[in-house]
Amino acid sequence: MNDVYQVMLVAAVALPAVGAAVLAVLPARLAGWAATGFAALTLVPIVVLPFSHGRGSTPWAELDVSWVPALHLDFHLGVDGVSYPLVALTGLLTLLCCAYTKWHAPEGGSPRTLLALLLVLEAGILGTFLSLDLILFFLFFEVVLLPMYAVIAGWGGADRRRAARKFVLYTLFGSVLLLLGVLTVAVHAGTADMVALAGGHGLTKTTQYAAFALFAVAFAVKAPLWPLHSWLPDAHTQAPTVGSVILAGVLLKMGTYGLIRVGVGVTPLGARWAAPLLGILAAAAILAGALICLKQTELKRLIAYSSVGHMGFVLLGIATLTATGLQAALLGNVAHGLITGLLFFLAGTIKDRAHTGDLADLGGLRETAPRLAGLLGFAAIASLGLPGLAGFWGEAFAVVAAVERGGGLWTTLAVLAAIGGALTAAYFLRLLRKVTHGPVGTPVTPAIAGVEWFAWAPLVALTLAVGLVPTLVLAATSLPVEALIR
Amino acid sequence: MTIDQVTLLPLYAASGTAVLVLLMDLLLARRSLTIAAFAVGGIATAVCAIVVGVAKPTFCAGPECSWVPTPLAVTMAVVFAALTVGVLALSAPSLKIGAAPPGEFCFLLAASMTGGVVIGYAGDLITLIVGLETLTLPLYVLVGLRRFAPGEKVSTAGASASITFFLISVISTAIALLGAALNYAATGAIHLNHLVAGIGPLGPVAQTGAALLVIGFAFKVAAVPMHAWAPPTYEGAPLPVAAYLSTASKLGGVLALIAIVSRLDAAPVVAALAVLTMTTGNLVALRQQRMVRLLAWSSIAQAGYILAALALGAEGVRAAAVYAVFFVLLEFIAFGVVVALRPPAADGGDLLAYRGAGRRHPWLGAAWVLAIAGLAGLPPGLAGMFAKVTVVDALIAEGWGWLAGFVALNAVIGLAYYVRVTANLYVTPPKPGIQVVDPDLLEAATHPRLRVTRPVAAALIIAAITAVAIGFAPQLLFDALS
Numbered sequence: 000m001n002d003v004y005q006v007m008l009v010a011a012v013a014l015p016a017v018g019a020a021v022l023a024v025l026p027a028r029l030a031g032w033a034a035t036g037f038a039a040l041t042l043v044p045i046v047v048l049p050f051s052h053g054r055g056s057t058p059w060a061e062l063d064v065s066w067v068p069a070l071h072l073d074f075h076l077g078v079d080g081v082s083y084p085l086v087a088l089t090g091l092l093t094l095l096c097c098a099y100t101k102w103h104a105p106e107g108g109s110p111r112t113l114l115a116l117l118l119v120l121e122a123g124i125l126g127t128f129l130s131l132d133l134i135l136f137f138l139f140f141e142v143v144l145l146p147m148y149a150v151i152a153g154w155g156g157a158d159r160r161r162a163a164r165k166f167v168l169y170t171l172f173g174s175v176l177l178l179l180g181v182l183t184v185a186v187h188a189g190t191a192d193m194v195a196l197a198g199g200h201g202l203t204k205t206t207q208y209a210a211f212a213l214f215a216v217a218f219a220v221k222a223p224l225w226p227l228h229s230w231l232p233d234a235h236t237q238a239p240t241v242g243s244v245i246l247a248g249v250l251l252k253m254g255t256y257g258l259i260r261v262g263v264g265v266t267p268l269g270a271r272w273a274a275p276l277l278g279i280l281a282a283a284a285i286l287a288g289a290l291i292c293l294k295q296t297e298l299k300r301l302i303a304y305s306s307v308g309h310m311g312f313v314l315l316g317i318a319t320l321t322a323t324g325l326q327a328a329l330l331g332n333v334a335h336g337l338i339t340g341l342l343f344f345l346a347g348t349i350k351d352r353a354h355t356g357d358l359a360d361l362g363g364l365r366e367t368a369p370r371l372a373g374l375l376g377f378a379a380i381a382s383l384g385l386p387g388l389a390g391f392w393g394e395a396f397a398v399v400a401a402v403e404r405g406g407g408l409w410t411t412l413a414v415l416a417a418i419g420g421a422l423t424a425a426y427f428l429r430l431l432r433k434v435t436h437g438p439v440g441t442p443v444t445p446a447i448a449g450v451e452w453f454a455w456a457p458l459v460a461l462t463l464a465v466g467l468v469p470t471l472v473l474a475a476t477s478l479p480v481e482a483l484i485r
Numbered sequence: 000m001t002i003d004q005v006t007l008l009p010l011y012a013a014s015g016t017a018v019l020v021l022l023m024d025l026l027l028a029r030r031s032l033t034i035a036a037f038a039v040g041g042i043a044t045a046v047c048a049i050v051v052g053v054a055k056p057t058f059c060a061g062p063e064c065s066w067v068p069t070p071l072a073v074t075m076a077v078v079f080a081a082l083t084v085g086v087l088a089l090s091a092p093s094l095k096i097g098a099a100p101p102g103e104f105c106f107l108l109a110a111s112m113t114g115g116v117v118i119g120y121a122g123d124l125i126t127l128i129v130g131l132e133t134l135t136l137p138l139y140v141l142v143g144l145r146r147f148a149p150g151e152k153v154s155t156a157g158a159s160a161s162i163t164f165f166l167i168s169v170i171s172t173a174i175a176l177l178g179a180a181l182n183y184a185a186t187g188a189i190h191l192n193h194l195v196a197g198i199g200p201l202g203p204v205a206q207t208g209a210a211l212l213v214i215g216f217a218f219k220v221a222a223v224p225m226h227a228w229a230p231p232t233y234e235g236a237p238l239p240v241a242a243y244l245s246t247a248s249k250l251g252g253v254l255a256l257i258a259i260v261s262r263l264d265a266a267p268v269v270a271a272l273a274v275l276t277m278t279t280g281n282l283v284a285l286r287q288q289r290m291v292r293l294l295a296w297s298s299i300a301q302a303g304y305i306l307a308a309l310a311l312g313a314e315g316v317r318a319a320a321v322y323a324v325f326f327v328l329l330e331f332i333a334f335g336v337v338v339a340l341r342p343p344a345a346d347g348g349d350l351l352a353y354r355g356a357g358r359r360h361p362w363l364g365a366a367w368v369l370a371i372a373g374l375a376g377l378p379p380g381l382a383g384m385f386a387k388v389t390v391v392d393a394l395i396a397e398g399w400g401w402l403a404g405f406v407a408l409n410a411v412i413g414l415a416y417y418v419r420v421t422a423n424l425y426v427t428p429p430k431p432g433i434q435v436v437d438p439d440l441l442e443a444a445t446h447p448r449l450r451v452t453r454p455v456a457a458a459l460i461i462a463a464i465t466a467v468a469i470g471f472a473p474q475l476l477f478d479a480l481s
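Taken in sequence, the protein lines are chains A and B. Counting in numbering that gives the first Met the number 0, the first sequence runs without a single skipped number right up to 485 at its last residue. Counting in numbering that gives the first Met the number 0, the second sequence runs without a single skipped number right up to 481 at its last residue.
Rather than coming from a laboratory, the hints here were simulated on the basis of the structure. Where hints are given, some of them may not hold.
Derived Cβ-Cβ restraints for the label pairs, each shown as a range [claimed, not checked]:
hint, chain 1, residue 1, chain 2, residue 2, range
1, B, Leu282, A, Asp360, 22 to 30 Å
2, A, Pro68, B, Ile49, 48 to 56 Å
3, B, Asp264, A, Leu168, 50 to 58 Å
4, B, Gly199, A, Thr205, 47 to 55 Å
5, A, Leu290, B, Ala271, 55 to 63 Å
6, B, Asp349, A, Leu29, 49 to 57 Å
Here are some, though not all, of the chain A residues that point toward chain B, as calculated from beta-carbon distances under 7 Å [to be verified]:
hint, residue
7, Leu70
8, Glu141
9, Leu144
10, Phe172
11, Leu179
12, Leu182
13, Ala273
14, Leu276
15, Ile279
16, His354
17, Leu358
Remember, it's a predicted structure, so these values are computed and weren't measured experimentally. Cβ coordinates follow ideal geometry from the N, Cα and C atoms, glycine included.
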């Protein structure tokens, strides 16, 4: 480890984990500061890592140490243009959530434990995005399972235990399929190194088909993609605000990222074989998500279902297997993380203050709390994909990619997706009409605390920034994306 | 016949420990000294096994040897010794209040350890079965060995558990012996290295023998449908003995099975047993309301994963051994936490008795989460995760994808009850239906915080540290086994 960037790679995963361990022994009153401190400290390696980009290698920085040779497991971390935006998003959202929890702890167990769990989650998510070894990827993929269960079950709403159980069993089902897929690849190729396996090197067509089928279902549960999404609304509705933010903001991205990195990257023949089916499922998810959202009467549940539609766009981008499509998917991932993170922060705040999340009981927010209403309006129109805001690029270019792909099927899918986009606008406008306009339902205190500004401002700013300059995310993706679809 | 006494040191140390504690109890009759002598003897056994290490086989008649120090044997001898000392530590509180006579208890446990050490080294079927019986025989008594203080409510649960265990065990041994005899009659082989599938007219006889051997040993690992004895026996036995039954005794059965299936083809039988065992174990565990019964059914399911690896024959031995070692370590921690959370010499009780225990004892809660997450195959129980990965890896590598799928799906079913029992440790007390001035006080009265005694704490700390360490460096175990 003679390279500063290698140290940074390890630090990005190790710092939050160390932070969680430190929290366990610190007195409870220092926990908030310590957790926020460790979350902020983790940003240091995250900020330093992109400077390795200049060296022109792919991945930018890499660390490969043998761990368990008997299981083909190497501690192989690396970062490139595909993973970096999600790494940065994870670091940012965790810091915001830790700070938010310090000043605004949800009811339930001790805040110290919640903060420690947030840091463990961060370590697991960062590890997933940084792994370049399939088994290591699986290991980190599993790390987040129980902490997220504990966050929902410990600090959630009234029906939290059932929702948490559903979440953990459903996602473990996805994980075990991932394990089968990962080991199928590792056994047949004799290595689990994703760099060596790039392009399906050393895998027969049959193996790739089988492995991709396992990967696709595994990641579809995590993302989640219709029709495997039914754990998501319950988990989101019951989870505490910070839990929802992490879940929607970055945890779901592990599914779509995995599909790109592992599914398309390691088993390209399988991906090509299944692309039409994935495309159809994506269009179905977009339409189903939008239609379900039109019927929703609960704020957090509506936002949760909107994730199903947004992830449908991401999947559509991936399914086209074109450079445009994959870049749209990457951008859609980041945009969804920023915007839905913000939406869940706002929804949580409104629910806390109004003590209800029922759309029928809310209303007139722009009169009682104009700033909050303004922010909600901003987040909602960003989410429905207004040009100039982050949500636009991913969804528009997923459709463009489908049209470019050509042929009757993909053109039809593009049209359906576009219709779904219009429906997205419909339900978000309905949401705004119910919550911000109309007669005052439940009055909401207007004041926005400093910590709330601290948590929301970066998300607002980045939504604008990514919307205006999408190259912020896409700058370094073209090379790795080309490598993926070659 | 040449006998290299040095190679036999682990056996001498183990049996010497048994004799030593018996004499100590006879001559000095001091409980603490007896226990201390046992602990030293157990550690000495492990040290001897490591020092002697992988050596030349001995007890040979010509080229045939009965005492074969393989890497597997050495590792398992260390594990047996460690488990026995650990169970001794868990028993310390109940020995202190006189729930069992210390001299007898220690002697029987040490004798059982001796049997365990022998199984791994066994080079022929007779040594193997004698080792297995030496492991099991003292347990019939230990399961029922419970003294009641004057005025204490006398329970016959231990006695009936002991009878159940005894009857089933005797039958299983008879079946195994019949299998050994049939196989010997057909092939003339008694040494493990000479076990071959029968040929010619006697082929079916040899195959029947092999199948009967597998079935007889399957009783010991409580494989479905030879499992029914386990839950009532664990439930009736004192907690530390139940811990020993589900770790050391099960490990003995696994080693015996390894000896057979790595040489004789019994794949169809073992695979069928594996599927039945893991599925039934997990499904029945879902509905358990008693702590020890839940752990019993969970350990039945875990045996199913080991059997799945054993269905591969010789190729699955390493995976099965790795899984077994990780499993007994995690299971020991789980039982250790149960012992620590219950009053001395109490039974496992209902799950309700553990409500909120993780909040009262954060460190015990952490140990429990480590053990149970490991049994479910999830981080932070990295040891358990690597165990699952090892088994699934071996199954896929040998082209048994469907069985790997069964293992994977069963892991999902298993998590359902592991999560239920663990979440119970962290729930807040329910609101009482009647008017109560201080609900916390009521909760403290119905669920008191018990002090954890030192030996139990020490055993748990060492076991938990070992589990974490081996979870980060599983390669150590892989290296030790090869």
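Now the hints, each set against the structure:
1. Separated by about 43 Å at the C-beta atoms, Leu282 (chain B) and Asp360 (chain A) break the suggested range of 22 to 30 Å.
2. Checked against the given bound of 48 to 56 Å, the beta carbons of Pro68 (chain A) and Ile49 (chain B), roughly 23 Å apart, lie outside it.
3. The hinted range of 50 to 58 Å is not satisfied by Asp264 (chain B) and Leu168 (chain A), whose Cβ atoms lie roughly 37 Å apart.
4. Here the CB-CB span from Gly199 (chain B) to Thr205 (chain A) is close to 40 Å, at odds with the stated 47 to 55 Å.
5. Taking 55 to 63 Å as the suggested C-beta distance range, the pair Leu290 (chain A) and Ala271 (chain B) does not conform, at roughly 47 Å.
6. Roughly 38 Å separates the CB atoms of Asp349 (chain B) and Leu29 (chain A), a value that falls outside the hinted 49 to 57 Å.
7. For Leu70 (chain A), the shortest C-beta to C-beta distance to chain B is roughly 6 Å, which falls under 7 Å, so the interface hint holds.
8. Interface restraint check: Glu141 (chain A) against chain B, minimum CB-CB distance 5 Å, threshold 7 Å, status holds.
9. With its C-beta approaching chain B no nearer than about 6 Å, Leu144 (chain A) sits inside the 7 Å limit, and its interface hint holds.
10. Annotation: Phe172 (chain A) was flagged as interfacial toward chain B, and the flag holds, the nearest CB pair being 5 Å apart, inside 7 Å.
11. Against a cut-off of 7 Å between C-beta atoms, the interface hint on Leu179 (chain A) holds, since the closest Cβ of chain B lies about 6 Å away.
12. Because the closest C-beta pair between Leu182 (chain A) and chain B is about 5 Å apart, less than 7 Å, the hint holds.
13. Annotation: Ala273 (chain A) was flagged as interfacial toward chain B, and the flag is violated, the nearest CB pair being 19 Å apart, outside 7 Å.
14. Here the hint on Leu276 (chain A) is broken, as its CB sits about 21 Å from the closest CB of chain B, past 7 Å.
15. At about 26 Å, the closest approach between the beta carbon of Ile279 (chain A) and any beta carbon in chain B exceeds 7 Å, and the interface hint on this residue is violated.
16. Hint status for His354 (chain A): violated, given a least beta-carbon distance of 20 Å to chain B, over 7 Å.
17. Among the interface hints, the one on Leu358 (chain A) is violated; its C-beta lies about 30 Å from the nearest C-beta in chain B, farther than the 7 Å criterion.
Violated hints, in rising order: 1, 2, 3, 4, 5, 6, 13, 14, 15, 16, 17; the structure is consistent with all others.
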